[in-house]
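Student: Residue-level listing of the chains:
There are 2 protein chains.
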Amino acid sequence: VSDDTVSPAAPMRIAIDVMGGDKGAKIVTQGALQAARESRAHYLLVGDPNVIKPELAASGLRNVEIISATQVIEMTDQPTVAYKKKPDASVVVGAKLVKDKRADALVTIGNTGAAMAVSLLTWGRIKGIDRPAIATPLPSLKGTVVLLDAGATPDCDPNNLYEFALMGSIYTEKVLGVAKPAVGLLSNGEESSKGNELVKRAHALFTQQQEERPFHFFGNVEGGDVYRGAVDVVVCDGFTGNVFLKTSEGVAEMILRSLRDSLAEKKLLAPFVLPLKPTLHNLRKKIDYAERGGAPLLGLNGICIIGHGKSDAYAVQNACRAAERAVASDIVSIIRDRVCEAPAPPPPPI
Amino acid sequence: VSDDTVSPAAPMRIAIDVMGGDKGAKIVTQGALQAARESRAHYLLVGDPNVIKPELAASGLRNVEIISATQVIEMTDQPTVAYKKKPDASVVVGAKLVKDKRADALVTIGNTGAAMAVSLLTWGRIKGIDRPAIATPLPSLKGTVVLLDAGATPDCDPNNLYEFALMGSIYTEKVLGVAKPAVGLLSNGEESSKGNELVKRAHALFTQQQEERPFHFFGNVEGGDVYRGAVDVVVCDGFTGNVFLKTSEGVAEMILRSLRDSLAEKKLLAPFVLPLKPTLHNLRKKIDYAERGGAPLLGLNGICIIGHGKSDAYAVQNACRAAERAVASDIVSIIRDRVCEAPAPPPPPI
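Top to bottom, those sequences are chains D and S. Take 44 as the starting number for the first sequence in my numbering and just add one per residue. Take 44 as the starting number for the second sequence in my numbering and just add one per residue.
A couple of the hints might just be wrong.
One copy or two, either will do: identical chains are not told apart, so a pair holds if it fits within one copy or between any two.
Said to hold, decoys possible - Heads up, simulated BS3-like pairs for lysine-lysine below, C-alpha to C-alpha not over 30 Å straight-line:
#	residue 1	residue 2
1	Lys142	Lys96
2	Lys139	Lys66
3	Lys170	Lys127
4	Lys217	Lys170
5	Lys237	Lys127
6	Lys329	Lys185
Bear in mind the hints are in silico, worked out from the structure with no lab data behind them.
If we strip away everything but chain D, and leave its shape as in the complex, we get:
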């Protein structure tokens, strides 16, 4: 275990796969360089040197190194197949840097399926964790709430949700600095009788363990509770979590577009709208994924931060910061230790 801890003397090393994201490698490179500029960490930019070199030269930064990778896993590739067929893909090279202890964390943008498959196959799971989970930070009226799983494990059993609750709680406490995070179980009603079969069984498992449960269980929550900030962590299977995220983005997009369109429609109102621009900008910023950094993939023997596919340079920079925070808090070792300490959950009730 001590091998994984970073000596305070040596700077941490963040590998970033610059070849992902909807906006292209140049934008990801620029985001990584912005992060490097404001950090004492050493940055390893993995990808096509022809893209990275000119940006790096212009930046004049010295804490950045280029790691050449000639292949790219495309969104259309089957991730596990691509892992074998494209050994020099940027995300594979980045994951190997972490495995070989040449980097402390990997940041990758957009292709969640590839990030997951490659990280899992390269690093393996933490002993005692059955399935990984993506922990996505979301805005709420009270600050930030962490949702997991956002898509790593679409089909779950109650034990998976139990492990997600434990990992999410540790991440929120140690990396985001929330004392004794409240964990909610996403359901179709707040009453303990509500839920599909999975959630009902998970609820029974969570409450059965009341005495020795290694996280603070709040109870069932609905989508509205999440956005009102009733809990710090919300747990669900990866299918439901992914629907939750994309639905939220869809609603926000519809509302902001409708608002913009109806303001644009009434040209007479233009002089009134202008002074409101900063307010509208702040609102957009508040609900924008970019502000909250990337989402860590939890449960593996390595740190992978997955940035949103739509990330601009600023969002990439924030994903890099999330990686630095995760390394600084030594999250993998803590999860590993706490999973060993935590009593195994009882067999799920039938």
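Based on the hints, put chain S in the right spot on chain D.
Tutor: Chain S in isolation, oriented as in the chain D frame:
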């Protein structure tokens, strides 16, 4: 079957359970009276006469009748138990009016669990439909999209989703007047390979039936596609659908509250905000459930429209209108006939 059709000469009869809803019986009564005032239908107001009488007297309406019901199924009651123990509950009395052909549809506000249990137990399922579904109309950038199931059947198999697709398609065509509605399957990605086990198997079932499929299958959709208006109908299990709805409401509430708060914060901007009020009001109206009427419970031998728990009088009125449209289009008979005609779906692939 001909027994169920309404003669064009006789006015249709809408039964409304006035005892539901967060805002109380008086508000529901007022909404029902507003609906009756603008309609040639006969309205049967079921509930406590002491609440209904003064409102009815003040309205001077003649197409309204009071049906006394002395009991109420509370949100805390177990619906199937309450059905037996409270035979004079307003929702039970209303459902019986429909069963006895004294009413053509039932409208009830708020308590979805009770509405579902009582309707199912009183009317039974349409032959060939295995599970009922709640079809909720949602706003999209292009108009209205119908989501089902919004909570009637939390755990589904692929055949259930197939039946939801068929019923949702019929409802959207016959009641909402959309020609050849496009049906999407809610998933965690647009590719056919995406989904949890249920969605993958449902997708295989839907596409396998391409030749004879009695609805227009668009493919998998994500939450963003739904709100962009990519499809007219979106199908999912009742747990996911309920999470979808409540998450959407939660996001909308958070955004509108943040907008209001940040405008209120900057008092200097007040003179600029005033002229924008109608625009903001329209936006709220656009995303407001109240505008789109209640949600029909499909798959049973009777029409039940479930209004949102937060319904004000205007929303109740719109739920009553939805009931009138459903009766006018004879939706139960059409579903019954189309289910008989439609070839049974092939056994789901393993």
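Student: Now tell me, hint by hint, if it's right for this structure.
Tutor: Do the hints match the structure? See the list:
{"no.": "1", "hint": "Lys142 with Lys96", "verdict": "within (25 Å within a copy, 76 Å between copies)"}
{"no.": "2", "hint": "Lys139 with Lys66", "verdict": "within (25 Å within a copy, 60 Å between copies)"}
{"no.": "3", "hint": "Lys170 with Lys127", "verdict": "within (24 Å within a copy, 51 Å between copies)"}
{"no.": "4", "hint": "Lys217 with Lys170", "verdict": "within (20 Å within a copy, 56 Å between copies)"}
{"no.": "5", "hint": "Lys237 with Lys127", "verdict": "between (43 Å within a copy, 21 Å between copies)"}
{"no.": "6", "hint": "Lys329 with Lys185", "verdict": "both (11 Å within a copy, 26 Å between copies)"}
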